[in-house]
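2 protein chains.
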Amino acid sequence: MPLTAQSRDQFTNGINVTKLGEVIGAIQANSELAQFKFRAQNDWHWGTQNEARISDFFGTSREVVHREPFSLGMDEPAVLLGADSAPNPVEVLLAALSGCMTSTLAYKAAAQGLPLDDVFSEFEGDIDLQGFLGLNPSSPIGYREIRVKFKVKGDGDEDTLRAQLQTSPVYNSLVNPVKVIVEVEKL
Amino acid sequence: MPLTAQSRDQFTNGINVTKLGEVIGAIQANSELAQFKFRAQNDWHWGTQNEARISDFFGTSREVVHREPFSLGMDEPAVLLGADSAPNPVEVLLAALSGCMTSTLAYKAAAQGLPLDDVFSEFEGDIDLQGFLGLNPSSPIGYREIRVKFKVKGDGDEDTLRAQLQTSPVYNSLVNPVKVIVEVEKL
Numbered sequence: 001m002p003l004t005a006q007s008r009d010q011f012t013n014g015i016n017v018t019k020l021g022e023v024i025g026a027i028q029a030n031s032e033l034a035q036f037k038f039r040a041q042n043d044w045h046w047g048t049q050n051e052a053r054i055s056d057f058f059g060t061s062r063e064v065v066h067r068e069p070f071s072l073g074m075d076e077p078a079v080l081l082g083a084d085s086a087p088n089p090v091e092v093l094l095a096a097l098s099g100c101m102t103s104t105l106a107y108k109a110a111a112q113g114l115p116l117d118d119v120f121s122e123f124e125g126d127i128d129l130q131g132f133l134g135l136n137p138s139s140p141i142g143y144r145e146i147r148v149k150f151k152v153k154g155d156g157d158e159d160t161l162r163a164q165l166q167t168s169p170v171y172n173s174l175v176n177p178v179k180v181i182v183e184v185e186k187l
Numbered sequence: 188m189p190l191t192a193q194s195r196d197q198f199t200n201g202i203n204v205t206k207l208g209e210v211i212g213a214i215q216a217n218s219e220l221a222q223f224k225f226r227a228q229n230d231w232h233w234g235t236q237n238e239a240r241i242s243d244f245f246g247t248s249r250e251v252v253h254r255e256p257f258s259l260g261m262d263e264p265a266v267l268l269g270a271d272s273a274p275n276p277v278e279v280l281l282a283a284l285s286g287c288m289t290s291t292l293a294y295k296a297a298a299q300g301l302p303l304d305d306v307f308s309e310f311e312g313d314i315d316l317q318g319f320l321g322l323n324p325s326s327p328i329g330y331r332e333i334r335v336k337f338k339v340k341g342d343g344d345e346d347t348l349r350a351q352l353q354t355s356p357v358y359n360s361l362v363n364p365v366k367v368i369v370e371v372e373k374l
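Protein sequences, first through last, are from chains A and B.
Under the numbering used here, the final residue of the first sequence carries the number 187; numbering is consecutive throughout.
Under the numbering used here, the final residue of the second sequence carries the number 374; numbering is consecutive throughout.
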């Protein structure tokens, strides 16, 4: 899969649809190219403060190192006993959902030949802290419901765009259960 | 709920356990205080690049504005047709999980009187792009599996710490299905 844009390449919504077609063709010929492993590490600083680092992943049958490592600090607001120096993890989860649905729309609309001019979106999710604190067994610990509103200027009707948005990997990781295996090693 | 630390307050793991106890008591007396609404907005820049913003939330029966608005840029690596200028959304999802499990451990170990010296963790999740691209109906679109490894220096045995980690709200938002309502408005 050559990855450098060529002058002949077609772009829609800033997506190289020529390369996108080549990627799809390469995966159809060899499904191993579609198997990705994404990664993060985290260091606890103290209290409610910690920092995630993202530096590499596996995809297209090889290890890939990001151009630079990315760092993402998290904290909690004062009402949750933190210093409010960074977003909290459940807010970062909404940010991940927002980025994934937005990129998904750009890719999918481009693949279907639908130019977009402007995309803005809002996310709000409900958490009942009684679940986390173990105060009410009927309260879910995670998000009970998340509401998403997209405002889109461009081609495509609302039903088409909503169907495209719902192919987002983060959206699907939330609406469907994901198997998460947790190991703990004492040092 | 007074939020300023007093000199008499007890801290474990950097968590004000005196205030934590007061928060729990206040929620037991009035469960409305436990109802939180977290929020994010997103602006599409172009192609695979977009930016989430986090500025306010609802909790403890009132609107709360963060000390400063937080911004979180996302992009895709070159193999996924981006400029690799920022982590991608499925990596940010792992970062959110890492931050939530880490803070959860700090809170819960503090509440149980278990001091922690050091916490480091690694996250790896599998995504088969055939799902996103619609090339194989049996491939899930979201994460198929996420593996989490915590390395902890401090008190508490491995089973106790793992049980605490599994009360993380982001962990529970992944292992259990979340209702996500998507609206699209054409401008």
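One or more of the hints may lead you astray.
Said to hold, decoys possible - Example chain A residues on the side facing chain B (calculated, C-beta under 10 angstroms, incomplete):
(1) Q10
(2) F36
(3) A40
(4) T104
I should point out that these hints are in silico values taken from the structure, not numbers from a laboratory.
A virtual CB, placed ideally from N, CA and C, is assigned to each residue, including glycine.
Now the hints, each set against the structure:
Against a cut-off of 10 angstroms between C-beta atoms, the interface hint on Q10/A is violated, since the closest Cβ of chain B lies about 12 angstroms away. A distance limit of 10 angstroms between C-beta atoms decides the matter here; for F36/A the minimum to chain B is near 5 angstroms, and the interface restraint holds. Because the beta carbon of A40/A sits about 4 angstroms from the nearest beta carbon in chain B, less than 10 angstroms, this interface hint is met. The closest approach between the C-beta of T104/A and any C-beta of chain B is roughly 8 angstroms, which is under the 10 angstroms cut-off, so the hint is satisfied.
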